[in-house]
Amino acid sequence: MKKPSPTAHLIRLAAVFAVGFVVFVTAKSLATPATWNHDMSNWFRLKSLDDMQTQVPAYANDNKACARECHEKIGKMFNKSMHKGVSCDSCHGALGDHIDATKVELETLLKGKFSDEQKTSLKKAAAPLAYGWPAHLQAAHEKNGGTVVPEGAAVPVIVKNPVKAAVMWQCRNCHLEMINKPAAFKQFRLDPKFKKHNAFISGQVEGQAEGQEIMCLKCHDPHNPTP
Amino acid sequence: MTTKLKGLHMNKASIPVTGENYSDPRREFLKNVLAGTAAATVLMASGPGVAATKKFALPENIPDPYKAKHHWIYVININNCIGCGNCVRACKRENSVPDTVFRTWVERYLLTNEGVYVESPKGALEGFEHYNEEIRKKAIRSFTVPKLCNHCHQPPCVQVCPVGATFKAPEGHVLVDWTHCIGCAYCVQACPYAVRFINPVEHKADKCSWCYHRTSKGMRPACVTVCPNKARLWGDMNDNEAEVTKIFNEGQWMVLKPQMHTDPSVFYVGLPKEVI
Chain A
1 MKKPSPTAHL IRLAAVFAVG FVVFVTAKSL ATPATWNHDM SNWFRLKSLD DMQTQVPAYA
61 NDNKACAREC HEKIGKMFNK SMHKGVSCDS CHGALGDHID ATKVELETLL KGKFSDEQKT
121 SLKKAAAPLA YGWPAHLQAA HEKNGGTVVP EGAAVPVIVK NPVKAAVMWQ CRNCHLEMIN
181 KPAAFKQFRL DPKFKKHNAF ISGQVEGQAE GQEIMCLKCH DPHNPTP
Chain B
1 MTTKLKGLHM NKASIPVTGE NYSDPRREFL KNVLAGTAAA TVLMASGPGV AATKKFALPE
61 NIPDPYKAKH HWIYVININN CIGCGNCVRA CKRENSVPDT VFRTWVERYL LTNEGVYVES
121 PKGALEGFEH YNEEIRKKAI RSFTVPKLCN HCHQPPCVQV CPVGATFKAP EGHVLVDWTH
181 CIGCAYCVQA CPYAVRFINP VEHKADKCSW CYHRTSKGMR PACVTVCPNK ARLWGDMNDN
241 EAEVTKIFNE GQWMVLKPQM HTDPSVFYVG LPKEVI
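Chains A and B supply the protein sequences, listed in that same order. Oh and the first sequence: position 28 is 28 in my numbering, straight run, nothing missing. Oh and the second sequence: position 23 is 23 in my numbering, straight run, nothing missing.
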């Protein structure tokens, strides 16, 4: 019988390490993305930045896209009003939703250059139904045939125009007096003693049948809200 | 003279107790440790490790398209926040955030003599309702505070990510690469501001990205766009005329949890001490 080499176990051990090292290096090179940033202070896949940029924006950046093309008249009025710093999307919802039905690319819309065909399809497109409207009001509107009871209102309100109702919910959401709002911010009170806005509480405004939709919009145009 | 010490024979005369040739092994050891420490300090100070400890200095090998052109910061003016929740709704819509989780939310604080009430019903997705009369009577002061990822310069979430899925982008965004995220939630635990969560649909770590898809194209984040009272501001610190730069230079701002030394990029104006 051949006498075993006194170094055979060391050679085997070295071979195992060598194979392990090769497997590790191979696996690492396969698993590491091509654009991997190896800087020790900041490991990441550089290409992921490009990937994230492919997400399509839903909201416009400013009011130019709306006011310049299709809503020029409102835009002019709006820019002179106390609401001029508020974005259209704040009350009307994402511009992207407005154009979803028309399949106009948002990038095109933001540039504000449309073909006549695109303008026509945009005009036909439905405005966002109920932006900012709480889910329970939306559900009540659908379930009860358009009747909802806004907070503070004494009687149910028949919502004929959900778009207007949603905008009006925004009026209340921003301007209803609350203890947490800054004192300098314009607010109205839901207080029977405060007569100026009693019509909101009773659900009636002059010239309007009880329980019908209204109310802020009866006296105020949100694009230029000074009554 | 020869002394027997526990079976060991030593010649006392051979051990120099005093004089030029005296050498205490412990003293030698301490000298070596000190020298080694000094050498290591010099090496570390001159090596790339320093860049790593400074505000995520940009790596030199980064390709041109990814190099920083801006230094974005985010300012929240508590004195202007009305708690309308427009920002929360916009964030949900813009980034398709699932119902039960929030990338940004608004907290309402009510200070009383008995303590501080804090609430954020549905993250203020539907704004806030009136306090009941009993609580209102106790009120000393009330205010709303928007919260979001602070996009820290020293983000603990990045440090703990085992796969490099969370990272600091060149222009200051702390982002999550969903291709690599394994959903281990270490970052969720590490974040001192509790702004991270596991997306219940994608099962990946999720958080505010400062709307990277918008801001990288020159647009503002959706929450800033829809804020009706300029409570949320966004801008480039490299632009001296930017509103955020002016606010920053005035120095009347605070950050959340400064004791954590995360060096946030979100600055609050008018932040009451109850929130910090």
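Keep in mind the hints are simulated off the structure, nothing from the lab. Misleading hints may appear alongside valid ones.
Claimed, not checked - Think about it this way: if two alpha-carbon atoms lie no more than 25 Å apart in a straight line, the pair counts; the simulated DSS-like pairs of lysine-lysine are:
#1 K246(B) / K122(B)
#2 K230(B) / K80(A)
#3 K84(A) / K246(B)
#4 K204(B) / K28(A)
Said to hold, decoys possible - Some chain A residues close to chain B (C-beta under 7 Å, calculated; not the full set):
#5 S87
#6 H220
#7 H223
Said to hold, decoys possible - Computed spacing ranges between beta-carbons, pair by pair:
#8 F17(A) / K122(B): 54 to 64 Å
#9 V118(B) / A183(A): 13 to 23 Å
#10 V23(A) / H71(B): 28 to 38 Å
#11 G218(B) / K73(A): 51 to 61 Å
#12 T100(B) / L10(A): 35 to 45 Å
#13 E133(B) / H71(A): 52 to 62 Å
#14 T37(B) / H9(A): 35 to 45 Å
#15 G183(B) / H38(A): 35 to 45 Å
#16 K2(A) / V42(B): 49 to 59 Å
#17 A183(A) / T112(B): 35 to 45 Å
#18 I182(B) / D50(A): 15 to 25 Å
Built from N, CA and C at the ideal position, the CB exists for glycine as well.
Status of each hint after checking the structure:
1. K246(B) / K122(B): Violated, because 34 Å separates the two Cα atoms, which is more than 25 Å.
2. K230(B) / K80(A): Holds, because 18 Å separates the two Cα atoms, which is no more than 25 Å.
3. K84(A) / K246(B): 22 Å, holds
4. K204(B) / K28(A): Distance ~23 Å between K204(B) and K28(A) Cα, so the pair holds.
5. S87: 5 Å, holds
6. H220: Since the shortest Cβ distance to chain B is 15 Å, the answer is violated.
7. H223: At 14 Å from the nearest chain B Cβ, H223(A) fails the 7 Å test, so the hint is violated.
8. F17(A) / K122(B): 54 to 64 Å: Given a distance of about 58 Å, which is inside 54 to 64 Å, the answer is holds.
9. V118(B) / A183(A): 13 to 23 Å: Since V118(B) and A183(A) have Cβ atoms about 21 Å apart, the given range 13 to 23 Å holds.
10. V23(A) / H71(B): 28 to 38 Å: Violated, at about 43 Å.
11. G218(B) / K73(A): 51 to 61 Å: Roughly 28 Å apart at Cβ, these two residues miss the hinted range, so it is violated.
12. T100(B) / L10(A): 35 to 45 Å: 59 Å, violated
13. E133(B) / H71(A): 52 to 62 Å: Violated, since E133(B) and H71(A) (Cβ atoms, about 43 Å apart) do not stay within the stated range.
14. T37(B) / H9(A): 35 to 45 Å: Given range 35 to 45 Å: holds, Cβ gap about 40 Å.
15. G183(B) / H38(A): 35 to 45 Å: 24 Å, violated
16. K2(A) / V42(B): 49 to 59 Å: 56 Å, holds
17. A183(A) / T112(B): 35 to 45 Å: The hinted range 35 to 45 Å is violated for A183(A) and T112(B), with Cβ atoms some 19 Å apart.
18. I182(B) / D50(A): 15 to 25 Å: Cβ of I182(B) to Cβ of D50(A): about 22 Å, so the range 15 to 25 Å holds.
Violated hints for the displayed structure, listed by number in ascending order: 1, 6, 7, 10, 11, 12, 13, 15 and 17.
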